[in-house]
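S.K.: Produce the complete structure using the sequences and hints provided.
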Amino acid sequence: MATTPTNLSVPSESPRDLKFNAGKIDEFVTSLALQYIDRFGDAHYTIEGLKALVLQQIYNLGWNPVGSFQGGATVSSAGDIIQDETNGVWYRWDDLSSLPKAVQAGSTPGSTGGIGEGKWLAVDVNDVLRKDLHGSNGSTLIGGSVYVVDYFSDAKVANAGKSKYIMTRGHHEIGVGAATYFSDGTTGAPSTGNELKFYDATGNGWYLRHDGTIDCRQFGVVADGSDETTKLQLWLDCCAQSGAEAYIPVNVFPSAAGLICTSQHNGLKFKWHGYVKHWGDGTKPATVVDSWDPSSGYVLYLKEVSDLTGEIRIDGVRTSKIADEHIHNIHSYGGKNHVLSLFFKETRGDGIYLNAAHGNQDSTPPSNMTYPLVESVNSDYDGRNAMSIICADGVSIGTFVSYKHGGRIGTVMQPGGLDIEPNYSYQPCTNIQIDSYYSRSCGTGFTIFGKVNTGNMVVRNISISKMEIVMEYISSNNNQLRGSLLMGADGLYIGSSHIRCLSNYTANSPIGAQIDACYNADINISTERFYQGAAIGIKAWTEVGGIARIVNSKISVTPRIFQRGAVIGDVNGLDFVLRAFTPTLMSVGSDVGLVQTIQSDGLGSSTFIKSARLSVSSGPGAAITWGVFCVNTNIDRETCIIHDSDLSSIVHNGTTTNRLISTANFQKRNIAGVTPKGGGDTITGTAIWGVGDVVNDNTTSSAGGYIGKIYTASGWKNYGAISA
1 MATTPTNLSV PSESPRDLKF NAGKIDEFVT SLALQYIDRF GDAHYTIEGL
51 KALVLQQIYN LGWNPVGSFQ GGATVSSAGD IIQDETNGVW YRWDDLSSLP
101 KAVQAGSTPG STGGIGEGKW LAVDVNDVLR KDLHGSNGST LIGGSVYVVD
151 YFSDAKVANA GKSKYIMTRG HHEIGVGAAT YFSDGTTGAP STGNELKFYD
201 ATGNGWYLRH DGTIDCRQFG VVADGSDETT KLQLWLDCCA QSGAEAYIPV
251 NVFPSAAGLI CTSQHNGLKF KWHGYVKHWG DGTKPATVVD SWDPSSGYVL
301 YLKEVSDLTG EIRIDGVRTS KIADEHIHNI HSYGGKNHVL SLFFKETRGD
351 GIYLNAAHGN QDSTPPSNMT YPLVESVNSD YDGRNAMSII CADGVSIGTF
401 VSYKHGGRIG TVMQPGGLDI EPNYSYQPCT NIQIDSYYSR SCGTGFTIFG
451 KVNTGNMVVR NISISKMEIV MEYISSNNNQ LRGSLLMGAD GLYIGSSHIR
501 CLSNYTANSP IGAQIDACYN ADINISTERF YQGAAIGIKA WTEVGGIARI
551 VNSKISVTPR IFQRGAVIGD VNGLDFVLRA FTPTLMSVGS DVGLVQTIQS
601 DGLGSSTFIK SARLSVSSGP GAAITWGVFC VNTNIDRETC IIHDSDLSSI
651 VHNGTTTNRL ISTANFQKRN IAGVTPKGGG DTITGTAIWG VGDVVNDNTT
701 SSAGGYIGKI YTASGWKNYG AISA
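With the working numbering applied, the sequence shown corresponds to residues 1 to 724, in that order.
Hints listed in this document are in silico derivations from the structure and should not be mistaken for laboratory results.
Quick reminder that beta carbons are idealized off the backbone N, C-alpha and C, glycines included.
Treat the hints with care, since some could be wrong.
As the list claims (entries may be wrong) - Straight-line alpha carbon distances no greater than 30 Å define the calculated DSS-like cross-link-like pairs of lysine-lysine that follow:
(1) 156 <-> 197
(2) 466 <-> 554
(3) 539 <-> 610
(4) 119 <-> 164
(5) 345 <-> 466
Said to hold, decoys possible - Here are the simulated distance ranges between beta carbons:
(6) 322 <-> 224: 22 to 30 Å
(7) 587 <-> 633: 26 to 34 Å
(8) 201 <-> 27: 44 to 52 Å
(9) 585 <-> 322: 41 to 49 Å
(10) 194 <-> 146: 19 to 27 Å
(11) 503 <-> 716: 29 to 37 Å
(12) 672 <-> 466: 45 to 53 Å
(13) 672 <-> 310: 50 to 58 Å
(14) 108 <-> 174: 48 to 56 Å
(15) 26 <-> 105: 43 to 51 Å
(16) 159 <-> 370: 45 to 53 Å
M.R.: Here it is as structure tokens:
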């Protein structure tokens, strides 16, 4: 009969309560139930309940696999489990008081104590797995899962377990430079490495997953104006190592000075949609690779690197730079097979400076260099050139744009545009092709300044399909404008070139095109608003052995709004055409003329004009003082001729205005206003005619008439009587 307890407070000495509690003690000890109910109706754990509670805590902590029955193991704690590999079941040892329990290799649950209470009990590891998967690191237990962290620094200290991927939500800021890494199966020193390859806290290796492009922000680039050279250099190194395209997004403008690419970067692909800014004042970076390294600051040094492709954008930040014309955006030394579009702005020196592998030492030139687009823009006149070619064999430029290069750096006047100028005679500049060229400058719009090596020009085979140059005179520079300066080249072709000034310039006698010491040239130039359209073979340069001579060349000049059309000095084999429009008196007190031959300032051989064929014509304009005026006398009449010309717009009086002056040593053929005589007698003036010159004369009043006149040592003689 059950005993009904009292409700007396604890402790109670009532016999009923004592009898009731005696039954509860038996229930606590022997019952298989997990709990019993005391005399107040509250629940308490039985021994079985306490045992279950302990096991649950162990369960909550997770099981610890220690081996298998077949391989042998030791169970040391309540959470240790071993596996029967014959069926995959995991077991724990139920008799905790007998731990540790050793299990010999080759055992089974039955041979090591049996299965049941106080023996081996099977464990449902699936329940444990489900619990762990719900934990904060649950994904690490799943092969193929993605382990997500906030930053790259978190990834390096992560324990990603069995995850196949680690994903960062950003490099240093969430949403900026996010990346995904895959487990590559390697191991290394824990928490080491870089953004391309690192080892996590457990020493497992992770490699950056990319689609062929790596964003610089994935390497921690902030673009906040600080010096990020180290980050960008690592990024370039890793892009080259992994074969990925080096990507800078639009509106991301990191700063750097002294980035270097060597042969280890062969094949690197650039995708710089944002500009890299030149950090600092332009002094030379501390890193010195070789004795021929650049002597001034730069952003990018391409040192004997090949097979580069893509787009590069650099901001030279010129206003923060010291007065050094050699602060270039890119030094490109040696290398081959580049296909790069280049975009520059605010440049102090050159946009790109192209030289031999060892700089100014006699070494391998860069070859097969292709630039689909070169664009360099300054907001004001400054900087040296958009591009300097010091040494190269094989350069192809699609479109070239230079805006406001030239000007004064310190006390030195700069050229501007493209400058092909070897520093030494062993530096070839050969096989250079430009499809479309544009330059706006206040110095020189385009320059070739060559050298000679054992009698041979080192600048050879230069071709420009079309060219436009705009020149602006800056009075503070006080320089002589040259739309183009072409000196020292063999094989120069310019298909069409329009060179114009913004207004009529006369200060320091600006020249549209100056052409000296050129062989085998074919040049077509039109000029506008220059005092002088062209100067050909007038200056002898020590750089090419003191010669000015133009040899075996065709030059066509079309000046418009000019005072002097062209002057010609030292030539041997020249087909020259001048078609002039709107001759204009620009400088009061001076004369207006079309073509003048002069003695060059020959530092070597004296001026000599031979095999020169001149075709000179002009439309109306200001009163022209002379058409063709020969100042020098060493002209080979046997090979020189003025032909197919029109000088009829010049009002010839033989004194103050002349169609021809001192042209006796030029033969003359088909010159309107000179040789096709249409009325009066032959024009007279100063030494116009030479022995053998012929004019038509079909209007003579002599009986029967004459077909023409020929100039002899004793004067004009009629010839060719025509019968009535």
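S.K.: Hint by hint, note whether the structure agrees.
M.R.: We went through each hint and held it up to the structure:
Restraint check: the Cα-Cα separation between residue 156 and residue 197 comes to about 10 Å, which is no more than 30 Å; the hinted pair holds. For the hint pairing residue 466 with residue 554, the CA-to-CA distance comes to about 17 Å; that is within 30 Å, so the pair holds. For the suggested pair residue 539 and residue 610, the alpha carbons sit about 17 Å apart, so the restraint of at most 30 Å is met. Restraint check for residue 119 and residue 164: the C-alpha separation of about 39 Å exceeds 30 Å, so the hint is violated.
Among the hinted pairs, residue 345 with residue 466 is consistent with the structure: their alpha-carbon atoms are about 24 Å apart, no more than 30 Å. Separated by about 24 Å at the C-beta atoms, residue 322 and residue 224 satisfy the suggested range of 22 to 30 Å. Restraint check, residue 587 to residue 633: a C-beta distance of roughly 27 Å satisfies the suggested window 26 to 34 Å. Between residue 201 and residue 27 the Cβ separation comes to about 51 Å, which falls inside the hinted range of 44 to 52 Å.
A beta carbon spacing of about 45 Å between residue 585 and residue 322 agrees with the range 41 to 49 Å that was offered as a hint. The hinted window of 19 to 27 Å between residue 194 and residue 146 holds, with their beta carbons roughly 21 Å apart. Between residue 503 and residue 716, the C-beta spacing of about 47 Å breaks the proposed range 29 to 37 Å. Judged by the Cβ atoms, the range 45 to 53 Å given for residue 672 and residue 466 is violated: they are separated by roughly 31 Å.
Between residue 672 and residue 310 the C-beta distance comes to about 57 Å, which sits within the given range of 50 to 58 Å. Evaluation of the 48 to 56 Å hint for residue 108 and residue 174 yields a pass: the beta carbon distance comes to about 54 Å. Checked against the hint of 43 to 51 Å, the C-beta distance between residue 26 and residue 105 comes to roughly 45 Å, which is consistent with it. Between residue 159 and residue 370, the C-beta spacing of about 49 Å keeps the proposed range 45 to 53 Å intact.
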